[in-house]
Amino acid sequence: MNTAILAPASVLVIWSLIMLFWMAGTRLPAAKKMGIDIGEKPGGRGPDFDAQVPDKVAWKSHNYTHLMEQPTLFYATVVILALADAGHGLNLYLAWAYAIIRIIHSIWQATVNMVNVRFLLFIASTICLLIMAINALWATLF
Amino acid sequence: MENSPMLQPMVALILWTMLIWLWMYVTRIPAMNKAKIDTANLVGGTGGNLDELLPPQVQWKAHNYNHLLTEPTLFYAICVVLIFSGQDFGLNVTIAWIYVGLRVLHSLIQVTVNRVLFRFAVFALSSLCIIALAIHAALAVFH
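These protein sequence lines are chains Z and P, in that order.
Going by this note's numbering, the first sequence opens with residue 1, and the numbers climb by one from there.
Going by this note's numbering, the second sequence opens with residue 1001, and the numbers climb by one from there.
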C-alpha cells in the first residue's frame, strides 16, 4: 500500500492539536483576567465560555471546533484512497492542498476573521475534498 | 488488490454529506441576502449564530450537515477496523449499507419536515447499526 497520502492527514492532525494549544493558551489567561474561576462550578463547556471572553479568544475555539467537523470526512476519504491504492497523483496533491488550505483557514479565523475570505477558503478546501470523494467513489465502485 | 466492499458505503455517506453541504449553501446564501446580512463587512461569528437570524427551515440543513459530522465519524472508524480485521464481508457490509440508507432518510427528514419523533426513530435505528458493527469489530479484535 502506498502511504504517501497519509502524510497530509498527519499534518492536519498535528495542526489541529496546535490549534488546541493555541485555544488553551489564549483562553486560560483570558479567564484569569476576567476573574472566571474554572474550578468554581462543574459542567461548563467551551461554548459557555466563548460568550464571555473577547472575540479574538473565542475565534481560536471556533476554529478548533471547525477542525473537528469536515476534516473527519477528509481522514475517512484519505484512508479509503490509501486502501483502494488511489492515494497518488492528483489525489495526493488534493490532499496536500486540503491540509494547507485548512491551515490558512485556521490562521485566518483565529486572527483577522473577515467572513468573506474565510468562506472562500472553506469553499476552496471543500472543493478539494469533493473531488477526492468522487475519485474515491470511482476507485471503489468497480 | 481487490477493493474491500466496505469502502463503498463509506464513500456513499461521504458524498451524501457533501450533498447536504451543498444544500446548506444553496438555501443559506439566498436567505442571508434576504435577511440583509452585510457579508462584505462581517467579522467573526460561526454558522451557529445564524440560528437567530435565518428561518429554521434554512438552518435545518446546517443542523443536519453538523449531525453528519458527529456519529458517522465512528462509522468510518469502525468500517476501517472491520477491513483491517478481515470482517468486511457479508452481514457487516449489509449493515453498513443499512446505516447509510437510514442516515440518508434521517437527513431528508431533518431538512424537510423535521418532525422530531420520526427523526429520533430513524436516528435510534441507525445507531443500532453502529452498535452491531462495533460488537462485530470487538469480537474480531479481542477474540
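Derived by calculation from the structure, the hints in this document are not laboratory data.
From a predicted model like this one, the values you see are computed outputs, not experimental measurements.
There could be a bad hint or two in this list.
As the list claims (entries may be wrong) - Derived SDA-like pairs: lysine to any residue, alpha-carbon spacing no greater than 20 Å straight-line:
no., chain 1, residue 1, chain 2, residue 2
1, P, Lys-1034, Z, Asn-116
2, P, Lys-1034, Z, Val-112
3, Z, Lys-56, P, Leu-1125
4, Z, Lys-56, P, Lys-1034
5, P, Lys-1036, Z, Phe-119
6, P, Lys-1034, P, Glu-1052
7, Z, Lys-56, P, Leu-1042
8, Z, Lys-32, Z, Ser-16
9, Z, Lys-56, P, Asn-1049
10, Z, Lys-32, Z, Pro-54
11, P, Lys-1036, Z, Met-114
12, P, Lys-1034, P, Leu-1019
13, Z, Lys-56, P, Val-1026
14, Z, Lys-56, Z, Ser-10
15, Z, Lys-56, P, Asn-1041
16, Z, Lys-56, P, Lys-1036
17, Z, Lys-56, P, Val-1043
18, Z, Lys-56, Z, Val-112
19, Z, Lys-56, Z, Ile-36
20, Z, Lys-33, Z, Ala-51
21, P, Lys-1034, Z, Phe-119
22, P, Lys-1036, Z, Ile-36
23, Z, Lys-56, Z, Thr-126
24, P, Lys-1036, Z, Val-115
25, Z, Lys-56, Z, Val-115
For this structure, which hints from the list above don't hold up? Of the numbered hints given earlier, those the structure breaks are 2, 3, 4, 8, 12, 13, 14, 16, 22 and 23, listed in rising order.
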